[in-house]
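K.L.:
Sequence:
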Amino acid sequence: MDEACDLTVHVNGRHTLLLHQSVVCAFSGRLRAMAARERKGKMTRVRPGRGAAEALMSVELDGFPGGGEGFELVARFCYGDGRLPPLRPADVPLLHCAAAFLEMTEEVRAGNLLAQAEAFVDDGLCYGTWADVLAAVKSCESFAADASGLQEKLLSALFSRIDAGAETPKSNCSTSSTCSSSSQETVGGRPSSAAKTPESVKPSCLSGGREWWYDDVASLSPPTVEKAMKLLGCYGADNRNLTLTRFLLHYLRRAATLRKAGDSGGNILAGLADTAVHGVALAGGGAAFSCRGLFGALRTVSAAGLGRECRRRLETLVGRMLDQATLDDLLVSGDGGGVYDVSLVMRLVRVFVSSVEEDGSPLSTQRMRKAGRLVYKYLAEISPDQGLRVSRFLAVAESLPDSARDCYDGVYRALDIYLGSHAELTVEERATLCRCLNYEKLTLEACKELARNRRIPPRIAVQALSLQRPLNAHQSPLSSPTPKRVVSDDEKEKETLRMNLRRMQGRVAELEMVCKEMRGKTRLSPRAAAKGNKALGGRGLPWMC
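In my numbering, each residue's number is its place in the sequence shown (first place is 1) plus 59.
Note that these hints are calculated values from the structure, not bench results.
Just so you know, even glycine gets a beta-carbon here, dropped at the ideal spot from N, CA and C.
Take these hints with a grain of salt, some might be off.
[Said to hold, decoys possible] Each pair of labels, with its calculated beta carbon distance range:
hint: 1; residue 1: T555; residue 2: S349; range: 49 to 57 Å
hint: 2; residue 1: I476; residue 2: Q522; range: 15 to 23 Å
hint: 3; residue 1: T555; residue 2: V398; range: 18 to 26 Å
hint: 4; residue 1: R514; residue 2: M405; range: 24 to 32 Å
Please work from the sequences and hints to get the whole structure.
P.N.:
Below is the structure:
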């Protein structure tokens, strides 16, 4: 074409192209109207070096899909006299949206770009390889491709291939093809045309556990996945598909690691997390997921954000299976002042206790004691946490009924670890912590250790020894070949401990009386206090005061 370019197009303020009005305006209704307004308003300028007779018109396109690359494809179509240029699968949605933006419709010219792009999608791309359809869906994410329903059409094609047991993601097909070759390869052997419509995608077909597509679909953005779930009729409370539920958990685990702080997609991820919880609940919880699987799901959806009602529903499913959990399952990181999420464990224990009490089966006692041993281990694990308050420790220790424990040695071990890690506790706080112990269910060895423990207040040690039975509740007189001798030796040792503790209490009482008397003397006069200090060799009062 020998004519000089007479149209300057500025695309999104970043790219500038010099074109011929007669070429591009013959296909684009929007450019034709913009050029007419420019001409009518006499918004022209003289092109340098060409004289005043030749005027160069200028138009600006803001928000153009695909930017300069997309407009270049449109220009190649126009200069090719209405023939599509060689395209990659990812270019087709871009070309489709660009044609819709520029109003390249049949009213402007027969066989225009929009009609050809739609035909290419319907008759070629929707029946292409898995990799081609996936690339086209991804390309829709960079611009608004949902206004014309293109993204929904491609998502329907994608999930239809999963339903039909399509080839695995690794495809040997080329990533670029021409319009004619793609159409010839796909139209002849295409499946039923129902695959083109969203209504044809039946989520009930996604039940074979075909996980080969999980990673590929997980590479899509949260808005695209949300749209896919809505398209399949499995969003929110409507999710009844186990395979899609497992996929959502897989997707949320991946998205939580890639999401940045303050990401605007957080609300969308929260909606997907709620959808996953509904799927887990409708699948029966423990019927489709193991206890560890439910804990994993709880961690995943909590990281993505979760509604209060959905969280309560999932915690109910997890709590009912608490006796099948392990210590690692309970060690969930806390988002507050502590290292671990103690509040979560307390809620799970409450759910478990309530469900066991309602059940009333012969195995209830066994299940309760199994959960009690698990709570012992958890309590010992979280005791060194400096952010664990006394009230929190007591709440966990007292969360199970007394019948869940046939021995309190585990609780005492956890208490001892807590006292050793929190040396700043007052005597009153240490005495309050001992409230969680049932001294009658402590073994003799644990009781002896408690009596010698300097972190335990003396009056608590005396109380523990005084409540010790001749035989512990979990022991049997027939369990030892010489029961009488064992009982006699135990009683002698207990009596010795009681006498030593009584002497200790008496000594403490004497020291307290001495301290009170000396405090009274020091209050009489500074001179008397000075004399007292001098009489004591300048040492002051004993540390007990």
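K.L.:
The structure should be examined with respect to each hint, and the outcome stated for every one.
P.N.:
Outcome of the hint check:
{"no.": "1", "hint": "T555 <-> S349: 49 to 57 Å", "verdict": "holds, 52 Å"}
{"no.": "2", "hint": "I476 <-> Q522: 15 to 23 Å", "verdict": "holds, 21 Å"}
{"no.": "3", "hint": "T555 <-> V398: 18 to 26 Å", "verdict": "violated, 42 Å"}
{"no.": "4", "hint": "R514 <-> M405: 24 to 32 Å", "verdict": "holds, 25 Å"}
When each numbered hint is compared with the structure, a violation occurs for hint 3 only.
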